[in-house]
Amino acid sequence: MTTATRTQADQGTTTRGADEAMREDVVRVLSADGELVSDAPELDDALVVDLYRAMARARACDLRAAALRDEGRIGAYDGSAGEEATTIGSTLALRDDDWIFPTHREPTVALARGGSVEAFFHHLFGNALDGVKGRQMPGGFAARSLRIASASAPVGTQLTHAVGLAWAARIRKDDVVALAHFGERATSSGPFHNAMNFAGVFKTPAVMLCRNSNWPQVSETETITDTFAEKGIAYGVPGVRCDGNDPLAVLRVVRHAVARAARGEGTTLVEALAHPLDGPEGARLDPLVRLRNYLGLRGHWSDAAQAELDESLQQEIDQAVAAASAAPTPPRTTMFDDVFVTLPGHLRDQRDA
Amino acid sequence: MTTATRTQADQGTTTRGADEAMREDVVRVLSADGELVSDAPELDDALVVDLYRAMARARACDLRAAALRDEGRIGAYDGSAGEEATTIGSTLALRDDDWIFPTHREPTVALARGGSVEAFFHHLFGNALDGVKGRQMPGGFAARSLRIASASAPVGTQLTHAVGLAWAARIRKDDVVALAHFGERATSSGPFHNAMNFAGVFKTPAVMLCRNSNWPQVSETETITDTFAEKGIAYGVPGVRCDGNDPLAVLRVVRHAVARAARGEGTTLVEALAHPLDGPEGARLDPLVRLRNYLGLRGHWSDAAQAELDESLQQEIDQAVAAASAAPTPPRTTMFDDVFVTLPGHLRDQRDA
Amino acid sequence: MPQMNMVQAINDALRLEMERDDRVVVLGEDVGKVGGVFRVTAGLFDAFGGERVIDTPLSEGGIIGTAVGMALYGMRPVPEIQFADFIFPAYDQIVSEIAKYRYRSGGQYGCPIVIRTPVGGGIRGGHYHSQSPESQFIHVAGLKVVCPATPEDAKGLLLASIRDEDPVMFFEPKRIYRAARGEVPEGDFTVEIGKARVVREGEDVTVITYGAMLYEALDAAAKAEAEGVDCEVIDLRTLWPLDVDTIVASVEKTGRVVVVHEAPKSCGLGAEIVALINEKAFLRLEAPPRRVTGFDTPFPYTLEMEYLPLSHRILPALVETARF
Amino acid sequence: MPQMNMVQAINDALRLEMERDDRVVVLGEDVGKVGGVFRVTAGLFDAFGGERVIDTPLSEGGIIGTAVGMALYGMRPVPEIQFADFIFPAYDQIVSEIAKYRYRSGGQYGCPIVIRTPVGGGIRGGHYHSQSPESQFIHVAGLKVVCPATPEDAKGLLLASIRDEDPVMFFEPKRIYRAARGEVPEGDFTVEIGKARVVREGEDVTVITYGAMLYEALDAAAKAEAEGVDCEVIDLRTLWPLDVDTIVASVEKTGRVVVVHEAPKSCGLGAEIVALINEKAFLRLEAPPRRVTGFDTPFPYTLEMEYLPLSHRILPALVETARF
Ligand SMILES: Cc1ncc(C[n+]2csc(CCOP(=O)(O)OP(=O)(O)O)c2C)c(N)n1
Ligand SMILES: Cc1ncc(C[n+]2csc(CCOP(=O)(O)OP(=O)(O)O)c2C)c(N)n1
Ligand SMILES: [Mg+2]
Ligand SMILES: [Mg+2]
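Protein chains in written order, with our numbering: chain X, 100 to 452; chain U, 100 to 452; chain E, 8 to 331; chain W, 8 to 331.
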């Protein structure tokens with residue numbers, strides 16, 4: 100699914116147009132109506148169709164998950180409906196070899212990397228078939244086979260993990276990049292400071308992707324800087340801002356950052372300005388609609404294709420939810436596994452008491 | 100001793116010359132030979148003599164402490180011999196109402212605020228007359244009556260304390276400023292990030308004084324930025340650099356920062372570039388020699404005055420060391436005091452066992 | 008007396024003390040305009056304004072680190088940490104600075120800070136919205152640790168904590184934030200820090216517990232009675248310093264002990280209580296002291312009700328201990 | 008076999024494992040060119056270069072947080088924290104991330120990191136160069152905790168730790184870094200994690216200890232012998248998971264126990280050991296188990312030798328326990 104090769108990414112970002120776009124205040128590729136507003140880098144239409152399909156799949160799963168939460172059938176679930184430009188756009192800017200360090204909001208990135216819808220819902224139900232064995236809340240997923248780290252609640256911790264993994268890849272001379280997701284408030288956390296500073300000093304091939312989803316409100320409580328991107332200056336890490344509701348802008352900016360990282364030039368801080376779906380501009384700027392319009396204008400999408408996609412997604416999701424809600428709860432004894440690789444005596448005692 | 104009034108500080112920094120000096124890359128007032136190199140703000144000669152005396156006292160105490168350490172008569176002691184421009188220059192830029200948050204390197208600031216030489220050595224010996232009751236290593240002093248916080252080993256923690264105290268003063272509408280000392284490596288610590296961000300958001304009347312004592316080496320291990328001052332950008336906190344071997348430069352820059360804080364404009368990050376005394380340029384740039392030359396050129400210092408000062412300092416220190424080494428060890432029972440305000444049962448049991 | 012739940016009682020205490028003492032400030036993530044994740048600080052921002060009820064950046068280290076400076080200046084900061092699970096970014100400030108400030112300054116300075124934070128499981132929160140880290144603070148000398156189980160104690164202990172000159176970790180059992188209701192005296196009153204409460208008297212087995220597990224212990228004790236076992240149930244209320252006298256007096260009477268807490272077993276407060284009883288009442292012990300606690304695993308999600316030391320796990324321990 | 012001190016033995020283990028396994032990297036403050044505050048990593052920078060022996064910024068949270076990412080990628084990071092007292096800025100990464108990573112990912116990922124750090128007092132270091140925080144890591148499920156007392160164990164346990172798939176806290180008793188000397192096997196060998204060692208056999212009292220206090224306990228045991236008390240001394244070596252079998256076997260024999268550690272008493276490992284013995288060997292106990300430990304105060308400076316549980320404090324506990 101994630102077909103980007105490093106060379107493609109390079110091409111996409113080393114053209115004159117792309118580099119100039121990076122110098123814009125806020126990188127934008129599509130207008131609200133889906134028209135190209137900036138000199139776009141070469142974009143493979145098939146890739147954009149893939150991107151659109153992956154975003155639609157993520158949206159459908161997120162919405163169903165929210166409904167299950169509201170019905171009390173699963174625990175607290177946040178998700179990132181409306182933020183697919185960032186979550187999925189960035190995923191398709193990576194190669195499969197690259198790593199993703201998500202927060203609890205991005206379990207849908209697994210879907211864009213080949214994860215099954217059924218696995219997604221098994222996890223939300225925390226059942227015996229859940230990949231993390233029912234050990235975490237819906238946001239806390241992990242998918243090692245997809246090179247997706249374990250998401251967890253403590254804000255910011257994954258940032259240093261991403262930098263550490265990228266650093267390790269650099270030491271091993273592997274062509275691997277790590278991308279970390281985080282919200283704008285995480286910039287106040289300790290790990291942000293640590294991750295950025297280590298990223299600067301060790302020129303790690305990492306991409307720090309900040310979702311500023313408060314936009315266009317200013318997060319007065321977190322900082323008095325005008326942007327979050329400029330925080331990179333303290334660490335010698337360049338910051339780039341992009342329209343977080345524009346999938347092609349995110350794709351372009353993240354590809355650029357990935358290529359830069361792969362060239363050994365170090366980490367980029369990306370600030371994606373995302374209007375929330377339920378905000379005043381949300382509906383108008385919905386990234387899904389925007390990308391569908393773009394594809395429609397280019398003749399790569401139709402109402403029939405949409406109907407077919409909706410239909411097949413609903414079917415897939417219905418089946419997955421049915422399977423996940425029917426699956427058993429993890430057996431009590433599994434509670435004692437995986438604390439250590441082998442069960443120590445005191446846990447055997449506690450399990451068997 | 101610290102005679103600066105807020106008005107003086109204001110005058111010293113709102114003149115055209117001073118403001119322009121702040122815009123210089125590295126603020127410098129004195130040449131290596133003690134000549135004025137920049138358009139100096141009004142400087143009261145009596146204050147400069149006080150500053151010189153305080154610096155000489157600090158140096159003499161620091162050197163004796165190092166000797167005691169080398170003889171094994173006291174524990175590990177770092178001190179800040181050669182850095183008096185920063186430690187004492189900044190202290191005299193404050194009013195007595197203002198607070199100081201030192202690291203373990205600046206016990207001499209107490210001497211510049213009226214603390215006695217005897218109290219200084221009682222502390223170094225950790226004896227029964229030590230103000231902190233023999234509870235900390237030589238660097239870990241505290242002097243509440245002098246508004247000097249408790250220095251301790253963990254790097255950086257005092258930065259958030261200084262910001263918190265300044266913030267409290269602001270909330271209480273008191274005209275009080277807090278100054279924190281730290282080394283350049285502390286900029287990598289978590290508390291630096293927290294302190295700077297809170298300082299930015301809450302516009303606290305604090306001054307963050309960074310001793311870059313690695314200068315002119317670049318601390319490659321800590322950061323890839325060219326300066327430490329520029330780290331303020333991430334927090335909306337202006338950064339200023341000054342010659343850390345030039346007492347009048349530090350005095351000017353800190354006064355400026357203090358006045359700015361007192362005017363409600365928030366925190367300033369000051370980077371003082373200090374050539375260590377044992378470095379290649381140390382002897383030539385010794386701040387004590389530089390200030391003595393300045394005073395000599397202006398007719399306010401003489402060899403006779405120096406001999407008298409040396410003599411009286413040696414006498415004072417000899418007496419203090421004699422008293423401190425003769426004082427008894429704190430009684431064993433004091434070990435259990437001050438964990439809580441009143442001794443709880445379990446500590447009574449442990450004390451009396 | 009008015010009926011209140013825990014949230015209301017704590018809110019009442021904060022409001023009362025902020026009115027009485029203008030040195031008291033509340034700070035934390037979303038404590039101001041939003042009124043806190045659990046609405047414990049609701050209304051305070053409107054009543055006292057943004058300089059005394061302060062929304063901070065998302066940084067526990069910053070919240071607690073700046074609170075230290077406020078306390079040094081003579082204020083009475085009452086920071087909130089959204090969940091006890093998120094207190095660890097501030098752990099260094101708490102254990103290296105707050106806990107040691109009075110000691111290391113030779114008594115010159117104090118750090119009277121009350122850190123409020125919800126603890127405990129039972130709300131489908133998984134690892135990071137369920138933990139009970141009290142022993143990680145008790146082991147560190149210099150901190151008082153409080154955990155109320157009733158609205159009345161919540162109010163009275165919080166008022167006592169804010170007026171205490173020592174730093175206090177104030178753990179609020181979130182599972183019973185709204186479920187525990189009861190009469191709460193109006194206006195000013197305090198519950199003394201360091202005093203346990205014998206909630207139920209009995210002759211056969213002493214049950215020592217605190218927080219949300221008090222209700223599980225009481226339920227188990229009622230069921231044990233049906234089996235002919237008469238339990239005495241002690242609610243510690245203050246976890247440190249321990250009310251050793253009340254514990255020892257009860258064990259002197261019963262000779263049998265079961266300690267119940269949510270926190271993991273090993274090196275938990277239960278271990279300390281058992282070791283203390285060995286030191287103070289060894290010859291009176293007629294059965295091995297038992298611990299019914301959370302397991303030595305991270306707090307699980309789906310299986311949380313298997314993890315918690317609920318009544319059905321406490322009951323057999325009571326009966327077996329009585330019949331040992 | 009060559010004679011080595013602890014520093015040399017640890018250095019030898021690091022060098023050996025770095026040669027054997029190129030996934031092993033050492034990182035920390037001043038560990039590279041300087042060779043560490045205690046020179047434990049001396050020479051490794053020259054031998055393996057700056058990409059495997061890495062000088063980092065002054066940030067424990069950054070050191071440990073990035074080590075997590077390295078471990079996820081398949082490396083074997085061995086970070087050093089200059090003093091255990093400075094580990095708390097990394098506490099959140101250790102207890103919230105490293106300890107839970109395998110569990111929360113359903114066993115998909117491990118975090119095989121060995122965190123090396125000097126512990127303990129006796130070097131005139133005051134609060135911040137003397138602490139023994141092991142129980143703050145034991146209480147948290149998911150971490151193995153090791154503390155060698157001899158050069159041989161230091162080398163063998165460190166090699167075992169680096170090869171372990173679980174995270175290990177490796178506490179090095181700095182007071183005996185150079186004072187403890189002994190024969191150390193050349194080349195590759197391991198000491199199994201989780202196995203205590205009976206250092207001295209005896210019939211009357213079991214003394215359980217670890218780290219630098221082993222030598223104090225042995226000294227006290229020798230003196231107790233003169234008073235007719237025959238002590239068995241156990242060096243735990245691995246603090247978690249505990250070697251319960253060795254402890255219980257000894258207590259079954261002696262019926263009397265004294266636990267000795269430097270860490271503060273309350274909620275320390277001693278409490279857990281006493282509680283465990285109550286659970287496993289209650290009927291064999293002939294005297295109340297005693298704890299001789301650091302006091303529940305911050306670690307003092309001038310009075311540190313009064314604070315530490317040295318031989319002169321252990322001896323009376325042995326004799327009184329034997330004669331109870
Ligand atoms: C260390 C820590 N502190 C507090 C919390 C509670 N919390 C969960 S989400 C959140 C806000 C996060 O905001 P942001 O980083 O912008 O991400 P967003 O939720 O907007 O995606 C907070 C405070 C937490 N999970 N971790
Ligand atoms: C949190 C923490 N980590 C490590 C140490 C050990 N340590 C003591 S001083 C020091 C270097 C400090 O450098 P800098 O901040 O530049 O201050 P300087 O000593 O140069 O004045 C280190 C790493 C410590 N005291 N605290
Ligand atoms: Mg956000
Ligand atoms: Mg320095």
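Hints were generated in silico from the structure; no laboratory data involved. Glycine included, each C-beta is placed from N, C-alpha and C at the ideal position. It cannot be assumed that every hint is accurate.
With a straight-line cut-off of 25 Å between C-alpha atoms, the simulated DMTMM-like cross-links for lysine to aspartate or glutamate are [said to hold, decoys possible]:
| no. | chain 1 | residue 1 | chain 2 | residue 2 |
| --- | --- | --- | --- | --- |
| 1 | U | Lys272 | E | Glu327 |
| 2 | U | Lys302 | E | Glu327 |
| 3 | X | Lys272 | W | Glu327 |
| 4 | W | Lys287 | E | Glu259 |
| 5 | E | Lys230 | X | Glu319 |
| 6 | X | Lys302 | U | Glu329 |
| 7 | W | Lys287 | E | Asp53 |
| 8 | W | Lys260 | X | Asp448 |
| 9 | U | Lys302 | X | Glu319 |
| 10 | X | Lys302 | W | Asp29 |
| 11 | U | Lys272 | E | Asp62 |
| 12 | U | Lys272 | E | Glu259 |
| 13 | U | Lys302 | E | Asp62 |
| 14 | E | Lys287 | U | Glu123 |
| 15 | U | Lys302 | E | Glu172 |
| 16 | E | Lys287 | W | Glu259 |
| 17 | X | Lys302 | W | Glu327 |
| 18 | W | Lys40 | U | Asp451 |
| 19 | E | Lys40 | X | Glu319 |
| 20 | U | Lys272 | E | Asp29 |
| 21 | E | Lys202 | U | Glu329 |
| 22 | E | Lys287 | W | Glu327 |
| 23 | X | Lys272 | W | Glu259 |
| 24 | U | Lys302 | U | Asp177 |
| 25 | W | Lys287 | X | Glu319 |
| 26 | E | Lys287 | W | Glu58 |
| 27 | E | Lys260 | U | Glu329 |
| 28 | E | Lys287 | W | Asp53 |
| 29 | X | Lys302 | U | Asp325 |
| 30 | X | Lys302 | W | Glu58 |
Using C-beta positions, here's what the derived DEER-type ranges look like [stated by the list, open to error]:
| no. | chain 1 | residue 1 | chain 2 | residue 2 | range |
| --- | --- | --- | --- | --- | --- |
| 31 | X | Ser215 | U | Glu319 | 45 to 55 Å |
| 32 | E | Asp195 | U | Asp274 | 32 to 42 Å |
| 33 | X | Arg431 | E | Asp195 | 25 to 35 Å |
| 34 | U | Gly363 | X | Ser424 | 51 to 61 Å |
| 35 | X | Ala422 | E | Ala186 | 56 to 66 Å |
| 36 | W | Phe289 | E | Glu259 | 46 to 56 Å |
| 37 | E | Glu286 | X | Ala422 | 51 to 61 Å |
How the hints compare with the structure:
1. U/Lys272 <-> E/Glu327: Measuring from Cα to Cα gives roughly 63 Å; hence the hint is violated.
2. U/Lys302 <-> E/Glu327: violated, 62 Å
3. X/Lys272 <-> W/Glu327: The hint is violated at about 63 Å.
4. W/Lys287 <-> E/Glu259: holds, 22 Å
5. E/Lys230 <-> X/Glu319: The hint is violated at about 54 Å.
6. X/Lys302 <-> U/Glu329: holds, 19 Å
7. W/Lys287 <-> E/Asp53: violated, 57 Å
8. W/Lys260 <-> X/Asp448: At roughly 23 Å apart (the allowed maximum being 25 Å), X/Asp448 and W/Lys260 satisfy the hint.
9. U/Lys302 <-> X/Glu319: holds, 12 Å
10. X/Lys302 <-> W/Asp29: OK: X/Lys302 and W/Asp29 at ~21 Å, within 25 Å.
11. U/Lys272 <-> E/Asp62: holds, 19 Å
12. U/Lys272 <-> E/Glu259: violated, 56 Å
13. U/Lys302 <-> E/Asp62: This hinted pair holds, its Cα atoms lying about 14 Å apart.
14. E/Lys287 <-> U/Glu123: violated, 70 Å
15. U/Lys302 <-> E/Glu172: violated, 28 Å
16. E/Lys287 <-> W/Glu259: holds, 22 Å
17. X/Lys302 <-> W/Glu327: Measuring from Cα to Cα gives roughly 62 Å; hence the hint is violated.
18. W/Lys40 <-> U/Asp451: violated, 49 Å
19. E/Lys40 <-> X/Glu319: holds, 13 Å
20. U/Lys272 <-> E/Asp29: Since the Cα atoms of U/Lys272 and E/Asp29 sit roughly 13 Å apart, the hinted pair holds (cutoff 25 Å).
21. E/Lys202 <-> U/Glu329: At roughly 53 Å apart (the allowed maximum being 25 Å), U/Glu329 and E/Lys202 break the hint.
22. E/Lys287 <-> W/Glu327: holds, 15 Å
23. X/Lys272 <-> W/Glu259: violated, 56 Å
24. U/Lys302 <-> U/Asp177: Measuring from Cα to Cα gives roughly 33 Å; hence the hint is violated.
25. W/Lys287 <-> X/Glu319: violated, 57 Å
26. E/Lys287 <-> W/Glu58: violated, 56 Å
27. E/Lys260 <-> U/Glu329: violated, 68 Å
28. E/Lys287 <-> W/Asp53: violated, 57 Å
29. X/Lys302 <-> U/Asp325: holds, 15 Å
30. X/Lys302 <-> W/Glu58: holds, 12 Å
31. X/Ser215 <-> U/Glu319: 45 to 55 Å: holds, 47 Å
32. E/Asp195 <-> U/Asp274: 32 to 42 Å: holds, 34 Å
33. X/Arg431 <-> E/Asp195: 25 to 35 Å: violated, 48 Å
34. U/Gly363 <-> X/Ser424: 51 to 61 Å: holds, 59 Å
35. X/Ala422 <-> E/Ala186: 56 to 66 Å: The hinted range 56 to 66 Å is violated for X/Ala422 and E/Ala186, with Cβ atoms some 34 Å apart.
36. W/Phe289 <-> E/Glu259: 46 to 56 Å: violated, 18 Å
37. E/Glu286 <-> X/Ala422: 51 to 61 Å: For E/Glu286 and X/Ala422 the Cβ distance comes to about 56 Å; the hint holds.
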